[in-house]
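Starting from the two chains in their separate frames, assemble the complex, guided by the hints.
Listed here are the chains, written in short residue letters.
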Amino acid sequence: NAGVTQTPKFQVLKTGQSMTLQCAQDMNHEYMSWYRQDPGMGLRLIHYSVGAGITDQGEVPNGYNVSRSTTEDFPLRLLSAAPSQTSVYFCASSYSTGGKSPLHFGNGTRLTVT
Amino acid sequence: GQQVMQIPQYQHVQEGEDFTTYCNSSTTLSNIQWYKQRPGGHPVFLIQLVKSGEVKKQKRLTFQFGEAKKNSSLHITATQTTDVGTYFCAGPGDGGSQGNLIFGKGTKLSVKP
Numbered sequence: 001n002a003g004v005t006q007t008p009k010f011q012v013l014k015t016g017q018s019m020t021l022q023c024a025q026d027m028n029h030e031y032m033s034w035y036r037q038d039p040g041m042g043l044r045l046i047h048y049s050v051g052a053g054i055t056d057q058g059e060v061p062n063g064y065n066v067s068r069s070t071t072e073d074f075p076l077r078l079l080s081a082a083p084s085q086t087s088v089y090f091c092a093s094s095y096s097t098g099g100k101s102p103l104h105f106g107n108g109t110r111l112t113v114t
Numbered sequence: 001g002q003q004v005m006q007i008p009q010y011q012h013v014q015e016g017e018d019f020t021t022y023c024n025s026s027t028t029l030s031n032i033q034w035y036k037q038r039p040g041g042h043p044v045f046l047i048q049l050v051k052s053g054e055v056k057k058q059k060r061l062t063f064q065f066g067e068a069k070k071n072s073s074l075h076i077t078a079t080q081t082t083d084v085g086t087y088f089c090a091g092p093g094d095g096g097s098q099g100n101l102i103f104g105k106g107t108k109l110s111v112k113p
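Those protein sequence lines, which keep their order, are chains A and B. Residue 35 in the working numbering is what sits at position 35 of the first sequence, and the numbering runs on without skipping anything. Residue 54 in the working numbering is what sits at position 54 of the second sequence, and the numbering runs on without skipping anything.
For reference, chain B alone in the conformation it holds in the complex (with noise of 0.2 Å):
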């Protein structure tokens, strides 16, 4: 079935440093979506992307969508210890899902002060 995977699961940085978060669909996406989820807290949206090869910037954090519109990208400059949580991407599934949000396994980032 469709997958949508995301590199890399842990991310450790020193604060200030940047990282950056990969995501890749098995099958091209009609938008992708990008969530935060603070150390128990619930997913909150971060941002939707639906043209391909769009660029989307929200301060420090820029969002990218492939081409192909099967990968996507969240890069933050200069990490805050505001920034640590998990990231999600999600794309909608394909016709046999009815379109659910299919979610990555995120990426845990930890930023040390």
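Okay, chain A solo, but in the shape it has when bound (with noise of 0.2 Å):
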């Protein structure tokens, strides 16, 4: 019972670096979606999906990609990172769309641009 498994936990970075933080969930949930969370802003969503081949912005997408290729794999790619982009990134996924079922969380990635 892995549920949605992160990859890294941490990490750090230069201002300019790309990189792709990885999601994976078992669950077959046709919903994933990535939050940012920093202090005192709550959790904000990146990014989210609906199904394969599907992807939206969220509230915050600027300086984020994401593809699904699979129902399994929901990747973040940060395109060239900025010290604003320091914050804890979580995945999530859930069993239906548009708010109606629970979501499942990963153990986020601590991410520090410098």
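No wet-lab data here; the hints were simulated from the structure. Even glycine gets a Cβ: it sits at the ideal position worked out from N, Cα and C. Worth double-checking, as some hints may not be accurate.
[Said to hold, decoys possible] Distance condition first, Cα-Cα at most 30 Å in a straight line; then the derived DSS-like pairs of lysine-lysine:
no., chain 1, residue 1, chain 2, residue 2
1, B, Lys-56, B, Lys-105
2, A, Lys-9, B, Lys-105
3, B, Lys-57, B, Lys-112
4, A, Lys-100, B, Lys-108
5, B, Lys-36, A, Lys-100
[Claimed, not checked] Which residues of chain A face chain B? A few of them, derived with a C-beta cut under 7 Å, are:
no., residue
6, Pro-39
7, Gly-42
8, Leu-43
9, Leu-45
10, Gly-98
11, Phe-105
This is the structure we're talking about:
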């Protein structure tokens, strides 16, 4: 019962570097999403997907790309890291779309951009 | 745009005291969900409320959904140190957000033994 698996747990990048945060789920959930969490800001939606081949932007999508080639995987790409992207990133999945069912979160990736 | 607001932002209590956090949405919600995040951890789903006026209990935790389905509360009776963490409410966004969950900023609870 792995649930939602995120890698890496920690990452330090220099400004301008690119990287991919990995997210995989084994629950056959159609809906997957990425949130970032900053102090005092709660959880803000970056990108989401309602199924393989379908992605869309959330509240704070700038500087990030996603793709959904399979039901299981939903990687988040930082194109050119900036200090403002220092944050904790959570991947989450749910059985149904539209906020009708609970989100299952991964353990998070703590990213620091210097 | 649609907002989900939580108060208070922080709450410090003595172990054994009660705790309540309140959640208000700018729009009517089809359901509201509550999550708990322990320090250094990830949000974990606690409960979902769907019906107007619904009340659900989980041991010392009582969850309520307002009659107008725009507000909710979480009440913890006789807090314990294991209750420490941040409690988030979340509701589906309006049509423009395709129903993605919008989270409140959370209430951070600390419990002094």
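Hints that the structure is at odds with (numbers, increasing): 6
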